[in-house]
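A.B. asks: As a plain string of letters, each chain reads:
Number of protein chains: 2
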Amino acid sequence: MSDDPQVSTPAAGTRLDPWHGSYAARTRGMRASEIRALFSVANRPEVVSLAGGMPNIAGLPMDRIAEETQRLLAERGAVALQYGSGQGEPGLREQITEVMALEGMNAHPDDVVVTTGSQQALDLVARIFLDPGDVVVAEAPSYVGALGVFRAYEADVVHTPMDADGLVPDALDATLTRLAAEGRRAKFLYTVPNFHNPAGVTLSAERRPRIVEIARRHGVLILEDNPYGLLGFDSDPLPALASLAPEGVVYLGSFSKTFAPGYRVGWALAPHAVRDRLVLASESSILCPSMMSQLSIATYLSTSDWRGQIKSYRQMYAERRDAMVAALAEHLPDCTWTTPDGGFYTWLRLPDGLDAREMLPRAVTALVAYVPGTAFYADGSGADHMRLSYCYPTPERITEGVRRLAGVVSAEQELVTMFGTSDARGGRTLDAPGPEQP
Amino acid sequence: MSDDPQVSTPAAGTRLDPWHGSYAARTRGMRASEIRALFSVANRPEVVSLAGGMPNIAGLPMDRIAEETQRLLAERGAVALQYGSGQGEPGLREQITEVMALEGMNAHPDDVVVTTGSQQALDLVARIFLDPGDVVVAEAPSYVGALGVFRAYEADVVHTPMDADGLVPDALDATLTRLAAEGRRAKFLYTVPNFHNPAGVTLSAERRPRIVEIARRHGVLILEDNPYGLLGFDSDPLPALASLAPEGVVYLGSFSKTFAPGYRVGWALAPHAVRDRLVLASESSILCPSMMSQLSIATYLSTSDWRGQIKSYRQMYAERRDAMVAALAEHLPDCTWTTPDGGFYTWLRLPDGLDAREMLPRAVTALVAYVPGTAFYADGSGADHMRLSYCYPTPERITEGVRRLAGVVSAEQELVTMFGTSDARGGRTLDAPGPEQP
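Chains A and B are the protein sequences, given in the same order. So the first sequence is residues 1 to 438, counted in UniProt numbering. So the second sequence is residues 1 to 438, counted in UniProt numbering.
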């Protein structure tokens with residue numbers, strides 16, 4: 001029930017598995033979430049979950065959507081319930097270009113591939129580009145679901161630092177230069193430029209042309225993952241990297257956060273020849289995306305005030321961000337955190353000596369949940385951080401969750417003071433970026 | 001607009017592709033259909049297409065489905081439009097076990113993984129088992145969409161012959177023995193036991209325990225792909241291979257042919273440890289299947305007479321099979337073909353010297369389309385065969401299509417008589433199985 005599938009322990013049960021000797025090498029990179037069992041507890045209603053990435057869709061005009069869906073099926077059911085094309089419905093692809101225009105992209109529907117959520121687009125991009133041992137450069141920290149995909153394709157992730165303005169251009173340049181000097185092949189830069197998951201920061205407008213220029217100079221494709229770009233609280237959307245370099249970027253978009261995730265509709269916008277291969281890979285993977293889902297989204301976009309809905313989402317999430325930040329300031333003065341201008345997450349640094357992963361079971365016992373920072377690094381660092389999401393709980397619950405978290409942190413600090421700890425592992429972090437490692 | 005995504009020419013446009021040097025090795029196995037351009041012509045209404053695998057869903061009670069879907073969204077919209085679990089909705093998995101019980105399987109919902117069509121299940125099984133160079137044993141001929149998946153994972157397909165009773169047990173035993181002697185690793189046997197696509201034959205009840213025994217003796221998993229099993233025309237469903245050896249079979253099912261393909265809902269039933277890995281692979285690939293699609297299917301199963309609908313599908317397809325077979329007998333006496341007891345397809349052998357692939361453009365000019373047999377072999381053989389589908393056109397159109405096809409065949413035979421031909425390439429076929437090759 002979240003957007004965070006994999007974290008890190010081997011799949012259970014292999015010892016009892018008659019086929020344990022038959023699996024492909026890539027399955028060694030497929031790992032179950034170490035916190036999955038814990039989260040099945042954390043899903044109990046008495047726990048305040050600041051862990052998940054579930055959007056709050058309670059505000060959708062459900063009765064209208066139900067009526068429009070009835071009309072769609074009654075009038076065009078034989079099309080909606082049939083197979084469609086591998087690339088996706090032309091009408092929806094046209095509408096998707098209108099959505100992307102809000103972030104400065106002047107895209108052609110021919111270059112759009114509709115996917116089963118943008119996660120499938122991520123998987124397809126990895127599938128067509130990554131050989132085992134290839135390098136993906138990704139922010140430190142990076143989206144856990146993307147790290148899982150890269151691991152499943154046996155790629156090495158090399159992190160590159162961010163600060164409050166997102167990716168640090170000089171550091172990226174240095175990372176790519178070093179990789180080239182080592183003869184290692186960076187296939188692409190994976191980046192979430194807006195309202196980063198988990199870091200909560202946004203790549204500044206000034207840096208965008210520089211990032212594009214650096215990637216171009218190094219001959220590295222940019223994989224721009226942008227599920228939250230239209231969910232900025234205070235200002236207009238920034239131009240997508242894809243708007244600055246259409247031939248150098250594969251752009252991933254999604255309706256999961258701006259409308260609803262239950263249809264599983266996302267998309268990729270790609271340079272034409274890359275698009276060809278994405279379509280082939282998608283046909284091999286699923287034949288075609290759901291026509292019913294696609295026509296439902298198309299109907300929503302053409303019959304509802306979707307821009308108004310996004311505006312109301314922005315207001316709701318802004319209130320929750322405010323509740324989160326106010327509660328952190330009140331209850332966790334020894335921590336530091338990012339203050340996001342949009343999206344779902346803040347990235348919190350614990351006081352020295354505390355380990356977010358070690359602390360999680362005690363937090364769940366205290367009826368609050370979060371995601372430890374280690375989930376967002378390919379190399380096990382990040383234990384001094386956690387991701388806190390404010391998208392799903394009400395402001396009151398957020399405040400209560402932070403209050404409970406503060407109790408856990410405070411008890412943990414007492415333990416550290418009394419006994420010391422060696423659990424907290426340092427890592428490259430937003431506020432203290434270190435050298436990149438594979 | 002069909003279930004047959006890939007046949008065989010390299011993706012176009014790579015010469016103009018700035019990223020052409022960046023693709024993964026596996027993309028060499030991803031090929032666009034050589035007949036795709038032709039089929040965009042063949043989709044014109046004046047062409048009788050005996051090519052596609054689109055089910056005819058015109059008989060569905062669309063108004064009722066529309067009403068039930070409206071109720072679903074109005075009453076449970078906040079669940080239907082939200083993320084779900086990676087494995088799929090527990091309620092739907094329970095219902096799926098009831099569907100599988102019709103073919104003798106006594107499955108537990110815990111061992112079911114819901115997928116984006118059974119094509120995704122096929123992709124996930126390949127993903128967790130196939131390393132480059134591994135062998136998949138498959139019928140000769142075999143489903144084109146599966147061959148595409150195996151190619152995308154850089155596996156070698158070794159065909160093993162069928163006759164009118166499906167897979168030939170002794171030949172399978174010999175194939176597996178030979179592979180073992182050569183030190184080649186067969187990861188699984190891929191089989192479509194019921195109403196085979198494209199061959200139209202069914203594995204007899206007597207042979208089923210033997211096939212299971214042979215696979216077990218060789219330590220080879222069976223991948224049982226069964227989209228058509230409930231669409232038999234004359235008799236009750238045969239027991240699934242999975243019912244005979246639950247620990248030795250990964251079973252794939254689908255609602256695309258028994259209900260409708262537009263939701264993209266299929267499933268895998270797998271031994272428990274394999275199921276664990278399928279879920280991890282699916283989460284990495286799409287996070288979770290569409291809740292809206294899953295709850296729509298669950299609603300259909302619980303509010304409609306789905307067994308009655310399947311019965312009416314069977315009657316409709318049986319009439320179309322009759323029309324196909326009668327037209328073939330009348331118009332193509334020099335050909336031979338299989339007479340399917342269910343499903344969508346017959347497999348036709350051309351008179352000596354004719355090449356179905358060479359002939360296709362002339363057939364499309366004569367306003368009839370089919371799929372050349374070469375699509376269903378990994379090694380380029382099969383040119384003397386074609387797949388004819390009777391699922392989508394009306395009986396009258398089927399008759400007219402076969403009449404047109406007969407004109408094309410007859411003209412082709414005259415050319416062969418006058419000039420001879422070297423185009424027709426022999427191949428291992430149902431009626432003349434030859435030695436297996438990689």
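Be aware that a few hints might be false.
[Said to hold, decoys possible] Facing chain B, according to a computed beta carbon distance under 8 Å, are these residues of chain A, among others: (1) Ala24; (2) Ala32; (3) Ile57; (4) Ala80; (5) Asp123; (6) Ser235; (7) Gly262; (8) Arg264; (9) Arg277.
Simulated from the structure, these hints should not be mistaken for lab results. Keep in mind it's a predicted model, so treat the numbers as computed, not measured. Built from N, CA and C at the ideal position, the CB exists for glycine as well.
A.B. asks: All hints, please: hold or fail.
C.D. replies: Against the structure, the hints come out as follows:
1. Restraint check, Ala24 of chain A versus chain B: the minimum CB separation of about 5 Å is within 8 Å; hint holds.
2. With a least beta-carbon distance of about 6 Å to chain B, the hint placing Ala32 of chain A at the interface is held under the 8 Å criterion.
3. Below 8 Å, beta-carbon pairs count as interface contacts, and Ile57 of chain A has one with chain B at about 6 Å; its hint therefore holds.
4. For Ala80 of chain A, the suggested interface contact is upheld, since its CB lies about 5 Å from the closest CB of chain B, less than 8 Å.
5. The restraint placing Asp123 of chain A at the interface with chain B holds, with a minimum CB-CB distance near 5 Å, inside the 8 Å limit.
6. A hinted interface residue such as Ser235 of chain A counts as satisfied when its beta carbon comes closer than 8 Å to some beta carbon of chain B; here the least separation is about 28 Å, so the hint is violated.
7. This hint holds: Gly262 of chain A has a C-beta 4 Å from the nearest C-beta of chain B, less than the 8 Å allowed.
8. The closest approach between the C-beta of Arg264 of chain A and any C-beta of chain B is roughly 4 Å, which is under the 8 Å cut-off, so the hint is satisfied.
9. A least Cβ separation of about 6 Å between Arg277 of chain A and chain B falls short of the 8 Å threshold, and the interface hint therefore holds.
Violated hint for the displayed structure: number 6, the only one.
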